[in-house]
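**Student:** For the record, the sequence lines run as chains A and B. Using numbering that gives the first Met the number 0, you'd call the opening residue of the first sequence number 0 and step up by one each time. Using numbering that gives the first Met the number 0, you'd call the opening residue of the second sequence number 0 and step up by one each time.
Read the hints as simulated data drawn from the structure, not as lab findings. Glycine included, C-beta positions come from ideal geometry on N, C-alpha and C. Some hints here could point you the wrong way.
To be verified - Here are the computed distance ranges between Cβ atoms for each label pair:
hint, chain 1, residue 1, chain 2, residue 2, range
1, B, GLY187, A, ALA369, 39 to 45 Å
2, A, PHE400, B, GLY197, 32 to 38 Å
3, B, GLN267, A, ARG371, 53 to 59 Å
4, B, THR269, A, GLU427, 51 to 57 Å
5, A, PHE400, B, ARG82, 47 to 53 Å
6, A, ALA421, B, ALA263, 56 to 62 Å
7, B, ALA324, A, GLY389, 47 to 53 Å
8, A, ASP125, B, GLU228, 49 to 55 Å
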Amino acid sequence: MTLAVAEPTLDGAVGCGEPVILRERGQREVFCGLTSIIWLHRKIQDAFFLVVGSRTCAHLLQSAAGVMIFAEPRFATAIMEERDLAGLADANEGLERIVDALLARRPDIKLLFLVGSCPSEVIKMDLGQAAQRLSRRFLPDVRVLHYSGSGIETTFTQGEDACLAALVPEMATSPDAERALLVVGALAEVVEDQFRRIFATMGVGPVHFLPPRHAAELPALGAGTRYILAQPFLADTARALSDRGARRIAAPFPLGAEGTTLWLRAVAQEWNVTPHVFHEATAFGEQRARRAVSHRRERLSGLRVGFFPDSQLEIPLARFLSRELGMVPTEIGTPYLHREHMAPELALLPPGVLISEGQHVDKQLDRFRAERPDLTVCGLGLANPLEAEGLATKWSIELVFSPIQGYEQAGDLAELFVRPLARRARLEV
Amino acid sequence: MQLAVWTYEGPPHVGAMRIATAMEGLHYVLHAPQGDTYADLLFTMIERRAKRPPVTYTTFQARDLGGDTAELLKTAVHDAFERFRPQAILVGASCTAELIQDDPGGLARTLGLPVPVVPIDLPSYQRKENWGAAETLYRLVRTFAGPAIGTPRVAAARPRCNILGPTALGFRHRDDLVEIRALLERIGVDVHVVAPQGATPADLARLGEADFNVVLYPEIADQAAAWLERVFGQKRTRIVPIGVGATRDFIAEVGALAGIDTTALLAQATSRLSWYSRSVDSNYLTGKRVFVFGDATHAIAAARVASKELAFEVVGIGTYSREQAREVRDAASVYGLEALISDDYLAVEAAIAAAQPELVLGTQMERHIAKKLGIPCAVISAPVHVQDFPARHSPQMGFEGANVLFDTWVHPLMMGLEEHLLHMFRDDFEFHDDAGASHLGASAAAPVMETKPETLSWAPDAEKELRKIPFFVRGKARRNTESFAAGAGLTTITVETLYDAKAHFSR
Ligand code: SF4
Numbered sequence: 000m001t002l003a004v005a006e007p008t009l010d011g012a013v014g015c016g017e018p019v020i021l022r023e024r025g026q027r028e029v030f031c032g033l034t035s036i037i038w039l040h041r042k043i044q045d046a047f048f049l050v051v052g053s054r055t056c057a058h059l060l061q062s063a064a065g066v067m068i069f070a071e072p073r074f075a076t077a078i079m080e081e082r083d084l085a086g087l088a089d090a091n092e093g094l095e096r097i098v099d100a101l102l103a104r105r106p107d108i109k110l111l112f113l114v115g116s117c118p119s120e121v122i123k124m125d126l127g128q129a130a131q132r133l134s135r136r137f138l139p140d141v142r143v144l145h146y147s148g149s150g151i152e153t154t155f156t157q158g159e160d161a162c163l164a165a166l167v168p169e170m171a172t173s174p175d176a177e178r179a180l181l182v183v184g185a186l187a188e189v190v191e192d193q194f195r196r197i198f199a200t201m202g203v204g205p206v207h208f209l210p211p212r213h214a215a216e217l218p219a220l221g222a223g224t225r226y227i228l229a230q231p232f233l234a235d236t237a238r239a240l241s242d243r244g245a246r247r248i249a250a251p252f253p254l255g256a257e258g259t260t261l262w263l264r265a266v267a268q269e270w271n272v273t274p275h276v277f278h279e280a281t282a283f284g285e286q287r288a289r290r291a292v293s294h295r296r297e298r299l300s301g302l303r304v305g306f307f308p309d310s311q312l313e314i315p316l317a318r319f320l321s322r323e324l325g326m327v328p329t330e331i332g333t334p335y336l337h338r339e340h341m342a343p344e345l346a347l348l349p350p351g352v353l354i355s356e357g358q359h360v361d362k363q364l365d366r367f368r369a370e371r372p373d374l375t376v377c378g379l380g381l382a383n384p385l386e387a388e389g390l391a392t393k394w395s396i397e398l399v400f401s402p403i404q405g406y407e408q409a410g411d412l413a414e415l416f417v418r419p420l421a422r423r424a425r426l427e428v
Numbered sequence: 000m001q002l003a004v005w006t007y008e009g010p011p012h013v014g015a016m017r018i019a020t021a022m023e024g025l026h027y028v029l030h031a032p033q034g035d036t037y038a039d040l041l042f043t044m045i046e047r048r049a050k051r052p053p054v055t056y057t058t059f060q061a062r063d064l065g066g067d068t069a070e071l072l073k074t075a076v077h078d079a080f081e082r083f084r085p086q087a088i089l090v091g092a093s094c095t096a097e098l099i100q101d102d103p104g105g106l107a108r109t110l111g112l113p114v115p116v117v118p119i120d121l122p123s124y125q126r127k128e129n130w131g132a133a134e135t136l137y138r139l140v141r142t143f144a145g146p147a148i149g150t151p152r153v154a155a156a157r158p159r160c161n162i163l164g165p166t167a168l169g170f171r172h173r174d175d176l177v178e179i180r181a182l183l184e185r186i187g188v189d190v191h192v193v194a195p196q197g198a199t200p201a202d203l204a205r206l207g208e209a210d211f212n213v214v215l216y217p218e219i220a221d222q223a224a225a226w227l228e229r230v231f232g233q234k235r236t237r238i239v240p241i242g243v244g245a246t247r248d249f250i251a252e253v254g255a256l257a258g259i260d261t262t263a264l265l266a267q268a269t270s271r272l273s274w275y276s277r278s279v280d281s282n283y284l285t286g287k288r289v290f291v292f293g294d295a296t297h298a299i300a301a302a303r304v305a306s307k308e309l310a311f312e313v314v315g316i317g318t319y320s321r322e323q324a325r326e327v328r329d330a331a332s333v334y335g336l337e338a339l340i341s342d343d344y345l346a347v348e349a350a351i352a353a354a355q356p357e358l359v360l361g362t363q364m365e366r367h368i369a370k371k372l373g374i375p376c377a378v379i380s381a382p383v384h385v386q387d388f389p390a391r392h393s394p395q396m397g398f399e400g401a402n403v404l405f406d407t408w409v410h411p412l413m414m415g416l417e418e419h420l421l422h423m424f425r426d427d428f429e430f431h432d433d434a435g436a437s438h439l440g441a442s443a444a445a446p447v448m449e450t451k452p453e454t455l456s457w458a459p460d461a462e463k464e465l466r467k468i469p470f471f472v473r474g475k476a477r478r479n480t481e482s483f484a485a486g487a488g489l490t491t492i493t494v495e496t497l498y499d500a501k502a503h504f505s506r
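With the rest of the complex left out, here is chain B (with noise of 0.2 Å):
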């Protein structure tokens, strides 16, 4: 038993219905109890559907135990097809259904209908969402794919691959779409199938036609892709191209995949990022603290861009996506830290709050985390809220992405001139430590609440020194040369302590 205060992944069959929800003429029959139709409004809620998702639960109740939830299956089944008449049927049970051993895919293949009936077994008690979307993609792949029958390749014909991944409910996937589609156009590759976002199951039946596959996001394609790969030969993509340094990796790798020469549009490619990332007010920037966090994808990819691109410091990185350990385990490695591989969100809180980064790149959860230690965040990652799918053209892949993230993680730091301007002006008479934030009305607000050792005193010398620190990190600076005062076993601090604690502190 695992206490949760919060989860960062919903159930495995919450993955199965993003894949079902993404895609058309499929229909989803759930046996569930009624509170799991809660996952409804994750779609027609958070990411604003204007459809219901095509799932179908049974709703159990416990008078039903005793009697015929076979029966209730069975029906809800003959009744979603005939209601709803998709192409092809899912079939699955939640957690609780999976206790009472019904075997769905079994009672819905007696019913003999005319379309096909996937079962789908997702253990709920071992595994979650992006699991649950992995293995659903996968077994609809393998059902549909089907032997390589593809219509004869002309000669001339540019070469065309598959994209896999974007699901509903992905974080940013209606925009990575959008933006590896154009990627893709511009390296001269045919894009044939993307699935699950958009595809029927007869559009998954012409995924071996493809020449290879585009893998956007392994947690969730990268089982069907290898699948794939092994039945029909198709070479699959590795490079998830978030940030420029990827993007212009993924455009090399998609260049020998297709056989294309990509060196003229690597030559000119480039994005906003990279000059502005050199623009001199960036210099503030360099060796910021970040804090990574997120699935192992975008966390990856993040620590990347923070550490290459925006000359960050990665002083934490990790994830819960436990199937990915290693290779986030692999990418920590760079940077000389310990993955962090956690789903306990009071675990990642303490880590956080240990590494005591300046920014941190994480989650919705992260965020929150973030805002109580007082530090900015930016979320990369799911779980998603609603805020992750703005109304604006928002990618993370890609140039275009690279510059969503550059605006994106920078924003919530303090801007480079105003930073230095703070400190040039720090005894200004409108502009000093306990004036407001603006000079026009409001007051500033309440000094906050330093807590320290009970057995730990500032030297009069040692606060006065403290008060030179410009207000935005002299937080930090006290609590810094606390812990470091009650590390060595000190009860007064000096100012001597306080700059051997600035120099144990600084990087």
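Looking at chain A on its own, in the form it has when it is part of the complex (with noise of 0.2 Å):
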């Protein structure tokens, strides 16, 4: 019998600077792209979110948003049924009655997703026409657009990507070609605003972010616009704004104390901002997330962490780790490993260290039960019963919920790690 499970590749010489780089295929343990709808629509304030597709959509968007049950939330699943796998048209004319009904009830919509699952692409629903159709209907009043975050196409945070990708070609191309700088990823609005304050101080202006809160608050793309990634995982959104003239600015991501500086003196560099200015708007940060993350560093010092892929933020999170409070990196699992974007993180890394991209969750869960780090980072799903075999784990998702980017947010970003910890050793039962 054959096998069709590809044996996994190993890249990198042993040995030398480079990341040992372990490919797999297996069972993977992740979310799909349909879960950013979660921190999305609450992004995005004037947004809904209608995913077509199955009861399992449902169900997994209701038990990834857990308790935020209370209110009556802007995202939606459009649940197909027998009849609408019969025949396309059914299912379209299903889809234009949900919208009537949707938009109906929520006048205050006016940006709807139509979100693409597996189902709806294994059918090849049309979503991009219908869209079309219905923003023909609901212009000026309502803008549809449509993009996939199917678990056959996307990984948890790659829905986010697809949606900004989506959201690219709607941008608005501004004549003049005034430099202009677009900070590219969902950020939690405390950071943005502290991001905001420091491109002031440096003379670094105008600044969008991308998403925008409102919808009419789309910032428009000219050919002096640079753009530069605050999360790590907008492959396709990067393309699409490259393709579009604008130029990206690389970097590491802005996560700890020397990632948020080297995250924006790249920018600073590219509006060509003096060392003094440039020190004068970020050593008190620095100085303040330097001294939030060292107090936390004797406990986390010495310590062996690793990751089981998930959000694409293993890599950055690592590399904070290691750098900024002395844990040690045992395996670095990320669910894509986009070499272009992610050279720069690499680089900060410890020689040699162990990345494995893809997954295969046994042969991954028997690799850690033989390492055991003293952290483990993981999912849901495998967080319990890793504790339960004596793992101390933290959950990835609260990483991804959490506001972490950004000096003022360094020193929460490493209690989150130190909190697993800490909590164990109060505990006497």
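With the hints as a guide, dock the two chains, each given alone in a separate frame, to form the complex.
**Tutor:** Pasting the structure below:
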């Protein structure tokens, strides 16, 4: 019998400084891109996310959203039924009917995303056309866009990538070639505001954020647009922006004191900010961040940390933990490794570190059980079982839902890794 | 296509997972994309299970679709067998894999594994979680229960039964099982096999040896029990022992099936609920308006307890279990009601708002609805939440279960004496309407803005009269009066209108 699963391949010469890259195929234990809706709908405050999918998709959203059930949320699922599978005409008609009812009920909605799922993609439902048709009907009140959050196309945070990439063609073209900064990737408002202040002090501007807080605030793109990624999982969005002529500023991601400074410096250099002004704008924040982080260093230094693949934040997080807190990464799992975007991060990792791309969850569990890192960063499906086996874990989803970027959050970020260990140290049961 | 904001049930393969996870020695290979692995967290986070569910997902991706998803499935089954060495393997598809029609069962069989492979086809676009659980249990029982080869019954042996129904992620199944085991012991019946909870495929093979079956959750186990009845002539219980009356009926039913005289047991068996409910301070519970919503089993049982054991007034009853709609309709007719059969959260919300209950007995969803409407609520049914797995023993079934029901349903309400005192002292200087919940610190909450139709106004004396109504029911009185006035086409609410409305709404 032949087995289709490829043997894991190893890249990178062992022994030299390059990380060792293990590519695996097997069962993946990760969310699909639909999950990004949980934070995207909080971020774009007049957008509605309508998943065109199955009961499974609805159940996933509900399970991932957990406690947020209290409100009438700005997301829902159009659940396909037997009849919709029989003929695409029926499915399209059903979708129109649902959108009519939805928009009638929610006049506050200005932007509607039709979000594709595995079932809608397998039956080849053309949500692009549906979105165009609906846009024609509802513009100028409501713009209807589409993207895929399906599990066959996207992993967890890639749902945000697909969503933002869908916004790029909607961005107006700015006639002037004036330099403008676009910060790309959903950030908590408090983080956005902090960055805004720092950029203002440096004299960098105008500054826009993608996604915007409101649909109408979608910034324009011009010949002078420079963009910087605030999140590491935005491959398609970056490509779409570059295709529109915007230029990417390469940098590590703004996690930790060092990461934030390097990220800000990359922007400063593009704007020819003098070292003095840069220092004025960042020194205080950086110092405060370093102080906050150093309080936690004692607790974490020398401890080994391993990551299961989840959000693509794993590599920047491992860099932060190793360089600012003295932790030793054992294995850094990532669902996908974007070599170009990750290059500045990879350069900062300890030499010879193991990065695993893709997943074979059972083999990976074997490795973690053998390695027994002091802290395992993993998803919700794995955390309790590993705790029961005596491994300390940190739920990775919290790293996606909490504000962790920038100087003022560096201490909080370190604290997220301290807490599970501190808790274990206190418990006597 | 159906719009779902929140869903009461997951897809049918989650039902199959609940069976597989409850059992031992069984592994489930699910042909599904990566995102479907979220289902693991239901078990590891909501139920806090210490082990991963025994489920392998093939996690095929778009690039596999043109190629060989079938090969991927075979590999997954093969690897799962090698790694976990189960007694049997369940094979099935989730919604997406159903569309690509790989025939997981047929493919898995070609591997020639030395253990049984049980294919389960769950139509994801028609059915839901409970149906999936029932179908899976039924398939497994059919596959393994085989012809009766039971050990010869010894004449002196006590009668024995199987307990069918408790699953992983079930609403209080863990504690109900403890309660029912103890109850059967008191009746004098031995428990032979419990399934699916804790059973191996080999245990299922012994099902036919018991004298009869106890069906705890008909949504899940009745289909399998009906098959066992046909094949082995094993009778099954029909009464779900939730509440004092139902527990007593259940004892009598089991006694009849086992040929045991339960008169003595029934004479002494009782629950604190019975006495607490007769205690004078429970007087205030009389006629409280309750709205009941849940799975069919729990909704029907809750309505009976509410009406007969707490003397509440059932003003609404409904279920999201379409498969058991008929049973719920029958139950509703007992209370002179039309049952609400719906899995549309918004429809349930509208029905509750319209019924104006004083207490909601529902699921976690109704808890949120009730919170929004400012009505007390107790949770009686799945879908489960982490709170539905309390650390303490907290059954719904049996006499102890009835005690739990009394506590959890009555505590959200204002206590009788409290309500009485509030009445007596409503003009007290420290205890007046605008004071906070406590005179120690914390100022009064901002008054709630009442919305009323623009054209409707309150005459000053009516407004003054309204202020005499205790604050905790004033909002309702105001709303009732306004809706009454609007219905009557009035524009001004007078004292007369207020009392007309009171008469209209009083029971
Ligand atoms: S993996 Fe596919 S089918 Fe499953 S929840 Fe995600 S989009 Fe829906």
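**Student:** Taking the CB of A:ALA421 and the CB of B:ALA263, does the distance hold inside 56 to 62 Å?
**Tutor:** At roughly 58 Å between Cβ atoms, B:ALA263 and A:ALA421 fall inside 56 to 62 Å, so the hint holds.
**Student:** For the hint 47 to 53 Å, verify it against the beta carbon of B:ALA324 and that of A:GLY389.
**Tutor:** Holds, at about 48 Å.
**Student:** In this structure, is the beta-carbon distance linking A:PHE400 and B:GLY197 contained in 32 to 38 Å?
**Tutor:** Distance hint for A:PHE400, B:GLY197 holds at roughly 36 Å.
**Student:** A range of 49 to 55 Å was offered for this pair. Does it hold for the Cβ distance of A:ASP125 and B:GLU228?
**Tutor:** holds, 50 Å
**Student:** Just to be sure I understand the hint, the distance between the Cβ atoms of B:GLY187 and A:ALA369 should be within 39 to 45 Å; is that true here?
**Tutor:** violated, 52 Å
**Student:** For the range 53 to 59 Å, tell me whether the beta carbons of B:GLN267 and A:ARG371 fit it or not.
**Tutor:** holds, 56 Å
**Student:** Mind checking the hinted window 51 to 57 Å against the Cβ distance between B:THR269 and A:GLU427?
**Tutor:** violated, 41 Å
**Student:** Could you tell me whether the CB distance from A:PHE400 to B:ARG82 stays inside 47 to 53 Å?
**Tutor:** At roughly 33 Å between Cβ atoms, B:ARG82 and A:PHE400 fall outside 47 to 53 Å, so the hint is violated.
Checked against the numbered hints above, the structure violates hints 1, 4, 5; every other hint is satisfied.
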